[in-house]
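**Student:** These are the residues of each chain, in order.
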Amino acid sequence: MGIDPVTVIAALIVASTPILLAAIGEMVVEKTGVLNLGVEGMMVTGAVMGFVTTVETGSPTLGFVAGMASGMALSLIFGLLTQLLLSNQVATGLALTLFGLGLSALLGVGYPGATLPPVADPFPAAMADIPVLGPILFGHSLVTYLSVVLVAAVWFVLGFTRTGLIIRAVGENHDAAHALGYKVIRIRLMAIMFGGACAGLGGAFLSIVRVQNWVDGMTAGAGWIALALVVFASWKPWRVLLGAYLFGGITALQLRLQAAGISIPVEILSMSPYVITILVLVIMSSDRSRAALNAPAALGKVFHATG
Amino acid sequence: MLTLEKRPTPSRGWTLATPVLAVVLTMIAGGLMFALLGKNPVEAIRIIFWDPVFNTQFASYTRPQLLVKAGPLILIAIGLSLGFRAGIWNIGAEGQYIMGAIAGAGFGLAFYPSDSPLIFPGMIVAGALGGWAWAMIPAILKTRFRTNEILVSLLLVYVAEKILASAATKFLRNPEGHGFPGSRNLARIDSMNNPELISGTGMHWGVVLAFIAVIAAYVLLNRHLLGYQIKLAGQAPRAARFAGVNPNRLVVMCLGASGALAGLAGLFEVTGPAGQISIDFNVGYGFTAIIVAFLGRLHPIGILLAGLIMALTYIGGELAQLMLQIPAPAIQAFQGMLLFFLLALDVLSNYRIRIKSEGVA
Numbered sequence: 001m002g003i004d005p006v007t008v009i010a011a012l013i014v015a016s017t018p019i020l021l022a023a024i025g026e027m028v029v030e031k032t033g034v035l036n037l038g039v040e041g042m043m044v045t046g047a048v049m050g051f052v053t054t055v056e057t058g059s060p061t062l063g064f065v066a067g068m069a070s071g072m073a074l075s076l077i078f079g080l081l082t083q084l085l086l087s088n089q090v091a092t093g094l095a096l097t098l099f100g101l102g103l104s105a106l107l108g109v110g111y112p113g114a115t116l117p118p119v120a121d122p123f124p125a126a127m128a129d130i131p132v133l134g135p136i137l138f139g140h141s142l143v144t145y146l147s148v149v150l151v152a153a154v155w156f157v158l159g160f161t162r163t164g165l166i167i168r169a170v171g172e173n174h175d176a177a178h179a180l181g182y183k184v185i186r187i188r189l190m191a192i193m194f195g196g197a198c199a200g201l202g203g204a205f206l207s208i209v210r211v212q213n214w215v216d217g218m219t220a221g222a223g224w225i226a227l228a229l230v231v232f233a234s235w236k237p238w239r240v241l242l243g244a245y246l247f248g249g250i251t252a253l254q255l256r257l258q259a260a261g262i263s264i265p266v267e268i269l270s271m272s273p274y275v276i277t278i279l280v281l282v283i284m285s286s287d288r289s290r291a292a293l294n295a296p297a298a299l300g301k302v303f304h305a306t307g
Numbered sequence: 001m002l003t004l005e006k007r008p009t010p011s012r013g014w015t016l017a018t019p020v021l022a023v024v025l026t027m028i029a030g031g032l033m034f035a036l037l038g039k040n041p042v043e044a045i046r047i048i049f050w051d052p053v054f055n056t057q058f059a060s061y062t063r064p065q066l067l068v069k070a071g072p073l074i075l076i077a078i079g080l081s082l083g084f085r086a087g088i089w090n091i092g093a094e095g096q097y098i099m100g101a102i103a104g105a106g107f108g109l110a111f112y113p114s115d116s117p118l119i120f121p122g123m124i125v126a127g128a129l130g131g132w133a134w135a136m137i138p139a140i141l142k143t144r145f146r147t148n149e150i151l152v153s154l155l156l157v158y159v160a161e162k163i164l165a166s167a168a169t170k171f172l173r174n175p176e177g178h179g180f181p182g183s184r185n186l187a188r189i190d191s192m193n194n195p196e197l198i199s200g201t202g203m204h205w206g207v208v209l210a211f212i213a214v215i216a217a218y219v220l221l222n223r224h225l226l227g228y229q230i231k232l233a234g235q236a237p238r239a240a241r242f243a244g245v246n247p248n249r250l251v252v253m254c255l256g257a258s259g260a261l262a263g264l265a266g267l268f269e270v271t272g273p274a275g276q277i278s279i280d281f282n283v284g285y286g287f288t289a290i291i292v293a294f295l296g297r298l299h300p301i302g303i304l305l306a307g308l309i310m311a312l313t314y315i316g317g318e319l320a321q322l323m324l325q326i327p328a329p330a331i332q333a334f335q336g337m338l339l340f341f342l343l344a345l346d347v348l349s350n351y352r353i354r355i356k357s358e359g360v361a
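Protein chains in written order, with our numbering: chain A, 1 to 307; chain B, 1 to 361.
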């Protein structure tokens with residue numbers, strides 16, 4: 001059985017949308033100097049809330065909104081703990097992931113296998129039928145296009161607006177930003193909530209569009225891969241997009257290879273996205289100058305205004 | 001307006017009080033969660049925290065389970081706490097636990113059906129080495145390439161789970177198992193069995209080792225230069241470097257020790273309570289141990305107590321599932337909540353809360 005490049009490319013775009021959304025959100029969070037390791041927990045909660053809402057209301061749009069809202073709600077817990085109660089960001093992020101995995105499994109009891117209404121495509125079917133270009137460019141759900149628009153928006157805001165300048169200032173040196181009169185904590189809380197909404201939307205996309213089902217722990221490390229992507233992208237928006245499509249490509253390709261019954265063992269193929277993520281991390285971090293130059297200088301540090 | 005004022009040193013009283021307070025707050029919040037699920041909250045909390053130890057009907061069955069569940073949690077958490085103290089974040093203990101079990105079981109099964117008394121000790125060594133080797137991957141990548149050990153150790157959990165699936169269905173599958181997945185039952189092979197040492201207590205070699213690990217960690221942290229260096233590196237990394245602490249050596253030591261202990265926990269589990277390598281052999285001890293380490297304040301004695309409490313929530317959770325039909329994941333959310341409360345309350349030990357009027361600089 002052959003592998004059709006057009007279907008692989010179309011599949012890779014679908015496969016990468018959840019991690020792209022989560023990663024671009026986390027990138028903004030890290031740009032303000034906060035490391036939220038709870039992406040996996042927010043994604044999986046977004047996935048279950050999106051799925052359950054869609055099943056109950058029959059509206060995928062409401063499902064996406066619910067996914068975003070639940071991701072945002074969880075991120076707010078993280079925000080309150082790390083920003084107002086000054087807790088350790090690594091430990092709090094881990095707690096968020098552990099809590100999110102438990103909470104999502106609890107909320108999703110009884111839902112696996114429920115049938116979903118179809119998600120409407122924004123383009124007419126005739127356009128998706130255009131050979132080659134159709135399935136790649138016009139065959140996706142609105143959220144996929146939104147994710148690309150979001151990357152462009154983040155790129156523009158961070159690089160060319162006053163808001164972006166403030167965000168970067170807070171992430172590079174929170175004490176200096178505070179001295180200039182910027183509300184460090186408020187800015188960080190807003191970024192954290194934006195990140196939560198993105199991760200929740202990514203999760204909802206995963207359950208509503210990509211898998212069209214709810215399975216316990218269905219994100220299977222996608223949140224962690226999103227975190228790795230931010231490092232891979234050196235905190236640059238378009239590289240996040242490139243990285244997400246690269247990983248989506250690996251995922252889509254290995255699934256096709258499994259289906260095609262190629263002679264590589266299934267275990268090797270299914271562990272490949274994780275192994276390749278690690279290899280990429282190694283390559284990116286071994287370049288000392290690049291890693292040190294791009295990481296926000298205040299990343300992961302506790303901000304406590306004195307006086 | 002409330003403001004926070006940093007304490008010169010963490011308050012000793014609050015450091016001891018916050019875990020207790022966190023458990024109480026979790027009970028209240030958990031009770032609310034159970035009430036939302038339509039269950040009687042008081043009854044649910046009683047079943048989770050009281051009945052496993054004191055119920056007249058079934059406590060004789062559930063009490064031994066306390067040590068069975070606490071053993072691996074304590075063993076893993078002790079290892080993790082060393083790294084956490086030094087700012088080295090091994091969060092992939094679940095993977096090291098799996099690899100220890102596979103390496104140990106593989107060593108034993110390679111000699112099947114020999115009944116040499118050396119096999120079990122050999123399996124213990126292999127289990128420790130399996131976990132150690134798996135933890136050395138993030139350690140070496142960290143020391144050689146400065147790769148983030150958090151992401152690498154976590155991603156390796158997923159890789160280990162794939163290897164576990166392969167072990168259960170392919171290379172360690174019981175050849176006499178009629179094609180069902182899963183290895184031979186090691187607990188039923190005399191030379192590989194990790195038995196209950198004192199009948200009715202749940203005490204097995206893994207629990208004994210967990211107690212030894214608590215004592216060893218206590219001695220290491222309070223009496224040994226390495227323990228001092230670990231604490232120093234966590235509290236003042238720059239000062240530690242000036243004092244001649246080699247950060248790379250600490251990474252290798254801390255990740256290696258936690259990996260080996262997690263591997264041992266896996267080995268004792270697979271030869272005792274679990275009995276065999278199966279696809280769903282791991283039940284999340286490696287992740288829960290992170291909560292145990294924090295609940296125990298990264299202190300050996302604290303971890304011992306925290307391990308017992310978390311074991312209680314596991315057993316109580318199973319009971320609550322049986323008796324009140326509370327879904328199993330509720331207990332996982334409950335455990336996550338506990339860590340939230342703990343981290344939130346930490347502010348009390350590190351800061352003083354002062355009331356300050358607005359406008360005063």
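If you are wondering where the hints come from, they were derived from the structure by calculation, not from laboratory data. Just so you know, not all the hints are guaranteed correct.
[To be verified] The calculated label-pair distances, taken between Cβ atoms and stated as ranges, are:
| # | chain 1 | residue 1 | chain 2 | residue 2 | range |
| --- | --- | --- | --- | --- | --- |
| 1 | A | LEU76 | B | ARG188 | 47 to 57 angstroms |
| 2 | A | VAL109 | B | GLY244 | 49 to 59 angstroms |
| 3 | A | ASP175 | B | GLN325 | 46 to 56 angstroms |
| 4 | A | ARG162 | B | ARG146 | 50 to 60 angstroms |
| 5 | A | HIS304 | B | LEU21 | 15 to 25 angstroms |
[Stated by the list, open to error] Computed footprint of chain B on chain A; a stretch qualifies when at least three of its residues, placed anywhere within it, have a C-beta under 8 angstroms from a C-beta of chain B:
| # | segment |
| --- | --- |
| 6 | 105-117 |
| 7 | 190-200 |
We put the beta carbon where it would ideally sit given N, CA and C, even for glycine.
**Student:** Look at each hint and say if it fits the structure.
**Tutor:** Now the hints, each set against the structure:
The beta-carbon spacing between LEU76 of chain A and ARG188 of chain B, approximately 51 angstroms, falls within the hinted interval of 47 to 57 angstroms. At about 55 angstroms, the CB distance of VAL109 of chain A to GLY244 of chain B agrees with the hint of 49 to 59 angstroms. The beta-carbon spacing between ASP175 of chain A and GLN325 of chain B, approximately 53 angstroms, falls within the hinted interval of 46 to 56 angstroms. ARG162 of chain A and ARG146 of chain B have their C-beta atoms about 34 angstroms apart, which leaves the hinted 50 to 60 angstroms range violated.
Separated by about 22 angstroms at the C-beta atoms, HIS304 of chain A and LEU21 of chain B satisfy the suggested range of 15 to 25 angstroms. Under the rule that three or more residues need a Cβ within less than 8 angstroms of chain B, the assignment of the segment 105-117 of chain A holds, with 3 such residues. Coverage of the segment 190-200 of chain A by chain B is violated in this model, with 0 residues showing a Cβ closer than 8 angstroms to a Cβ of that chain against a need of three.
Of the numbered hints stated above, those contradicted by the structure are hints 4 and 7, listed in ascending order.
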